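Asker: The residues making up each chain are set out below.
2 protein chains.
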Amino acid sequence: MNKEIGPIEDLIKKLNRLPGIGSKTAQRLAYYIIGLDENEVKNLSEAIISAKKNTVECSICMNYADSDPCEICSDKTRDDSIICVVEGPKDVEAMERSLSFRGKYHVLHGVISPLKGKTPEDVKVKELINRVEKGNIKEIIVATNPTVDGDATATYIKNALKDFDIIISRIGYGLPVGGDLEFYDEITIQTAMENRRRLD
Amino acid sequence: MNKEIGPIEDLIKKLNRLPGIGSKTAQRLAYYIIGLDENEVKNLSEAIISAKKNTVECSICMNYADSDPCEICSDKTRDDSIICVVEGPKDVEAMERSLSFRGKYHVLHGVISPLKGKTPEDVKVKELINRVEKGNIKEIIVATNPTVDGDATATYIKNALKDFDIIISRIGYGLPVGGDLEFYDEITIQTAMENRRRLD
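Those sequence lines, one after another, are chains Z and X.
Counted the way full-length UniProt numbering counts, the first sequence spans residues 1 to 200.
Counted the way full-length UniProt numbering counts, the second sequence spans residues 1 to 200.
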């Protein structure tokens with residue numbers, strides 16, 4: 001009794017495999033796409049191919065980019081001696097939006113997570129060590145997420161780089177700006193208390 | 001300071017235009033797509049083109065289909081004399097899943113909504129009237145959604161077909177099966193009370 005037709009069903013299935021797209025959303029999207037005019041559909045389809053085809057991994061920082069080395073790695077005005085290590089490309093964007101960092105990045109493309117079977121080989125830690133070996137690095141700021149896996153990855157990186165004469169720091173923990181104390185968990189509040197700073 | 005790169009940004013923008021896809025989801029999807037292997041990306045891109053290209057509007061019921069007339073309209077075992085009028089293709093699927101209807105459908109592709117500037121010309125009402133004019137129809141069940149616009153559309157259809165000797169009915173209103181009385185609004189409960197049926 002399934003009256004769903006071939007090509008639509010196929011598209012729904014493929015959309016459904018994307019992260020965060022449930023079957024209802026996939027269905028809504030598929031019918032929306034079919035309702036678009038032919039040109040818009042072609043544009044969307046080509047944008048998908050083009051994004052994949054024209055995106056490379058920067059051989060220095062491992063971030064997705066349209067050139068290698070990427071714009072940030074090529075930027076002579078940025079400090080080469082500080083590397084901010086993040087989990088993914090989105091984190092680079094968030095960091096750039098914050099305008100709080102003018103060094104270089106290193107994108108791990110994931111975190112080490114023994115529970116999910118992600119070992120150090122599954123993330124770009126080796127590439128980070130290679131960068132440090134080449135010298136000129138003074139500080140590594142590990143800005144992986146404040147999660148169990150993010151912390152484990154930070155610890156792994158710290159140990160992996162312990163023989164180098166560099167500062168390895170972890171991004172600050174605490175309450176997010178605009179957050180409301182009553183909504184945060186005990187660990188966040190404890191950490192925020194430990195990380196208190198004297199007002200002067 | 002926008003470090004987002006060309007083709008990725010373009011894909012994010014295009015995904016962001018899809019219904020229910022906010023900028024965060026669009027970003028997540030774009031990076032996910034870039035992380036897929038080339039073949040999967042090609043498949044997704046082609047599925048979009050194929051769904052659009054191989055889908056036609058059935059010239060009888062206006063539903064999306066891969067043949068014209070569609071499978072349901074061609075089905076000789078279904079009752080030609082009852083037409084269930086729905087807002088969109090998804091409603092046909094929901095109805096078919098319920099196994100509660102063995103007649104034919106008519107897909108309006110929208111509802112009449114003066115507030116949103118949707119007039120009767122924007123939905124497939126004319127095509128419905130044409131079908132009725134050809135004769136052989138005994139009943140029209142208007143199964144547009146139980147909303148202000150859905151009701152307005154039902155009323156419009158009833159008036160448009162008042163000169164024909166056919167029954168025009170509206171799908172039953174009431175509490176959804178499995179629903180919990182305390183969570184429904186007054187209007188739903190009032191309607192459910194009015195629509196009560198004697199148990200026998």
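Be careful, since some hints might not be right.
Identical chains share a label here; the pair holds if one copy fits it or two copies do between them.
The calculated lysine to any residue pairs, modelled on SDA-like cross-linking and capped at a C-alpha distance of 20 angstroms, are [what the hints assert, rightly or not]:
hint, residue 1, residue 2
1, 90, 22
2, 42, 9
3, 76, 121
4, 90, 158
5, 124, 32
The hints are simulated quantities; they were obtained by calculation from the structure and are not laboratory data.
Nothing here was measured: the structure is a model prediction, and the numbers come from that model.
Asker: Compare the structure with each hint and give your call.
Answerer: Going down the list of hints, with the structure as the test:
Taking the closest pair of Cα atoms, residue 90 and residue 22 come within 20 angstroms of each other only across two copies (15 angstroms); inside a single copy the shortest separation is 22 angstroms, beyond that limit. Proximity of residue 42 and residue 9 under a CA criterion of 20 angstroms is satisfied in both settings, with 19 angstroms inside one chain copy and 17 angstroms between copies. For the identical chains of this complex, residue 76 and residue 121 are neighbours neither inside a copy (31 angstroms) nor across copies (60 angstroms), given an alpha-carbon limit of 20 angstroms. Taking identical chains as interchangeable, the C-alpha atoms of residue 90 and residue 158 are never at most 20 angstroms apart, the minima being 23 angstroms within one chain and 53 angstroms between chains.
In this assembly of identical chains, the alpha carbons of residue 124 and residue 32 lie at most 20 angstroms apart only when taken from different copies (17 angstroms versus 38 angstroms within one copy).
Going through the hint list in order, the structure does not satisfy hints 3, 4.
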